[in-house]
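Given only the sequences and the hints, what does the whole structure look like? Please build it.
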Amino acid sequence: MRIGELARRAGVSTRALRYYEQQGLITARRSANGYREYGEADLRLVSEIRSLLAVGFTLDDARPFVACLRAGHDSGGSCPDSVAVYQRKLAEIDDEIRTLLTRRAEVAAQLTTVCPGCVLRKAGES
Numbered sequence: 007m008r009i010g011e012l013a014r015r016a017g018v019s020t021r022a023l024r025y026y027e028q029q030g031l032i033t034a035r036r037s038a039n040g041y042r043e044y045g046e047a048d049l050r051l052v053s054e055i056r057s058l059l060a061v062g063f064t065l066d067d068a069r070p071f072v073a074c075l076r077a078g079h080d081s082g083g084s085c086p087d088s089v090a091v092y093q094r095k096l097a098e099i100d101d102e103i104r105t106l107l108t109r110r111a112e113v114a115a116q117l118t119t120v121c122p123g124c125v126l127r128k129a130g131e132s
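Residues 7 to 132 in our numbering are what the sequence shown spells out, letter by letter.
Treat each hint with caution, since some may be false.
To be verified - Pair ranges (Cβ atoms, derived):
#: 1; residue 1: Thr-20; residue 2: Ala-90; range: 31 to 39 Å
#: 2; residue 1: Arg-14; residue 2: Ala-73; range: 20 to 28 Å
#: 3; residue 1: Gln-116; residue 2: His-79; range: 49 to 57 Å
#: 4; residue 1: Glu-43; residue 2: Ile-103; range: 38 to 46 Å
None of these hints come from the bench; they were simulated from the model. Glycine included, every Cβ here is placed at the ideal spot set by N, Cα and C.
So this is what it looks like as structure tokens:
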């Protein structure tokens, strides 16, 4: 399939696909007339990349997942390097949560100081 079809089927722009190619995440074959040609495996790679980006992974984080799929595994997350990225990402998220909870407590303390009768609401409450 050509770049436009892959972009449409994967829900990304052709520019994104060219960037993924530039970054070495996907590889286009060239037809006789120079057009980029992709296969179904490339669609799977782009879908994996997009799903990882959607939950906060970077393109560098996606590399082991892509390599795992290229190695023939059914899931990009089933290889040891991918598991290590998952674990590192979870640790980063846990650190961010701790930072946010600390910041929330500080803001709540400041509010209580300036407004002793104010009711502190939890996230999601109106």
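Do the hints match the structure? See the list:
Under the hint 31 to 39 Å, the C-beta atoms of Thr-20 and Ala-90, about 32 Å apart, fit the expected range. Range check, Arg-14 to Ala-73: about 26 Å between beta-carbon atoms, so the 20 to 28 Å window is met. Between Gln-116 and His-79 the CB atoms are about 50 Å apart, so this pair conforms to the stated range of 49 to 57 Å. In this structure the hint that Glu-43 and Ile-103 lie 38 to 46 Å apart at CB holds, the actual value being about 44 Å.
Hint check: no violations occur; every hint is consistent with the structure.
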